[in-house]
Every structure is written in structure tokens, then in C-alpha cells.
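There are 2 protein chains.
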Amino acid sequence: MASIDFDSLKRLGAASHTFDAGEKIFMQEDTAARMFVVASGRVQIVTYGTVLENVGPGGIFGEMAIIDDAPRSAAALAVEPTEVVEIDRPQFLELLRENPEFALHIMSILATRIRKMNANL
Amino acid sequence: MASIDFDSLKRLGAASHTFDAGEKIFMQEDTAARMFVVASGRVQIVTYGTVLENVGPGGIFGEMAIIDDAPRSAAALAVEPTEVVEIDRPQFLELLRENPEFALHIMSILATRIRKMNANL
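Chains E and W are the protein sequences, given in the same order. At position 36 of the first sequence (counting the first as 1) the number is 36 in our numbering, and the numbers step up by one without a gap. At position 111 of the second sequence (counting the first as 1) the number is 1111 in our numbering, and the numbers step up by one without a gap.
Because the hints were derived from the structure by calculation, they are not lab data. Think of the CB as a built atom: it goes at the ideal place given N, C-alpha and C, for glycine as much as any other residue. Careful, some of the hints might be misleading.
Restraint-style ranges between C-beta atoms, simulated for each label pair [what the hints assert, rightly or not]:
(1) W:R1097 with E:D7: 18 to 28 Å
(2) W:P1057 with E:R97: 52 to 62 Å
(3) W:E1101 with E:T31: 53 to 63 Å
(4) E:R11 with W:G1049: 44 to 54 Å
(5) W:P1057 with E:E80: 41 to 51 Å
(6) E:D20 with W:A1021: 39 to 49 Å
(7) W:G1058 with E:D20: 42 to 52 Å
(8) E:D7 with W:G1056: 40 to 50 Å
(9) W:D1020 with E:E23: 49 to 59 Å
(10) E:L12 with W:D1020: 30 to 40 Å
(11) E:A21 with W:A1070: 32 to 42 Å
(12) W:A1015 with E:R97: 24 to 34 Å
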């Protein structure tokens, strides 16, 4: 599976942010059509006290809101000092256009999540 | 949200298939990296007796296996006389390349499914 290419993110002008351990990156129900790529550190995706996912370097999160523009379905929390690169919707569409492998990568993350959830039905 | 363009499917050489009411289109655990677009009729996505989804004209199903090449996570059943257009993996990649809106459409279907499942957690 193709990984995220940090160079193309930089070229698109994607901004970098740092968070301390324990800091919230976004809250459930927030509205913001942005996704994030973890540059370093670790992020937990949490809903009502349940940890849905641990995201490490090269991993992405927040991709749901950028796809359908709906409020955040879960919160994201830095569990150690963490640097993330933020991708907004125009940048996201540009990545889809220039790189079908990026589209497949995002789809594959979503499909994996659905399969895990199906397995727990 | 962009819908599926049947003309571009035809141009790619995607094959059409018809199924009678009650006929299986694929079974859970089948391996086959193909997705389907409903041209007419109605398809139910079923796992262990639970109906996960009803798919009508213009809707797609079977997209999970084409993304990650894993066995089918559910079965698909024609619930009335149904015509589907079959897309194989090379055709799928070609659609991603030529049309970022198609990628976004597939992602949006997956994101909607995840949100529904999250809501039932």
C-alpha cells in the first residue's frame, strides 16, 4: 500500500502543528473539513471513552470529515508529544487528482475499519 | 455527490450481468476483486442473516474487495430482477485516475457506512 508522501504535502503548502502529550487535536462533533497525517508521536481516536484507533507516524486520521464534511465522529488526542501535518479540502482534492494511489490508500484505511467493525457485529 | 457515469463504464469495457429475484451475486468469503454498479433492480447486502444495506439503481456494492483484495465481508443477493455492471480492478484504477470525483464518491459511501456503524457502537 502506498504511504503518504510528506514532500508532496509540503509542496501543497500543508501546515504543520505540534501538540503536547494529553492535548486534544479535535473534539467529537467539531466541524472542520481537515485531515491529518502523523509526522511523529502518537494519536488516539476516542469516542465516548472507547479508543477506536492508535495512529503512529505516517498514519492518517480525521479523513471522515474531509470526505463528507459532517461533524467529527470521534475525538483525537495526542498521547505523547506529536507533530501532525494538516490537509484541507482543496489540498485533499489536489492529492486525489495527482495521485490515484493516495485515493486507494485512504479507501483502504476506511475498508479496513469497516471489516474490523463487521467482525465485531 | 457525483453519481456513477454509466457511459464511462461502457467505454472502459465493463461487462453487464442480469440476475433473477433471489439469485446470489456473490457469497460471503468469496475472493474476487470486482465491484458492481446497479443499473436496474435491487440488491441486498447480507451477513449472517442481517441485511446491512439495500442498493438500488446507481448504487454500488462489492467495493471493499476491489480496494483491499480481501475475501467478501458479506453476500450480495438480487431481491428482484436486477442488472449490474461489473468493474474489475484495472477498470477501477482507471476510473480513479481519470475522475477524482469518483474516488470521493466511493470514499463517501465508505465514510457513511462507518458513521452508521459508529452510531450503533
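Status of each hint after checking the structure:
A hinted range of 18 to 28 Å holds for the C-beta pair R1097 (chain W) and D7 (chain E), which are about 21 Å apart. At about 28 Å, the beta-carbon gap between P1057 (chain W) and R97 (chain E) misses the expected band of 52 to 62 Å. Between E1101 (chain W) and T31 (chain E) the beta carbons are some 23 Å apart, a value that contradicts the proposed interval 53 to 63 Å. Separation of R11 (chain E) from G1049 (chain W) is about 50 Å and conforms to the stated range, judged on CB atoms against 44 to 54 Å.
Look at P1057 (chain W) against E80 (chain E): about 49 Å separates their beta carbons, and that is inside 41 to 51 Å. Here the CB-CB span from D20 (chain E) to A1021 (chain W) is close to 59 Å, at odds with the stated 39 to 49 Å. A beta carbon spacing of about 47 Å between G1058 (chain W) and D20 (chain E) agrees with the range 42 to 52 Å that was offered as a hint. Between D7 (chain E) and G1056 (chain W) the CB atoms are about 43 Å apart, so this pair conforms to the stated range of 40 to 50 Å.
For the pair D1020 (chain W) and E23 (chain E), the beta carbons lie near 58 Å from each other, so the given range of 49 to 59 Å is met. Between L12 (chain E) and D1020 (chain W) the C-beta distance comes to about 50 Å, which lies outside the given range of 30 to 40 Å. About 35 Å separates the C-beta atoms of A21 (chain E) and A1070 (chain W), a value consistent with the hinted range of 32 to 42 Å. The given range of 24 to 34 Å is respected by A1015 (chain W) and R97 (chain E), whose C-beta atoms sit roughly 28 Å from each other.
Hints 2, 3, 6 and 10 from the list above are not met by this structure, while the remaining hints are.
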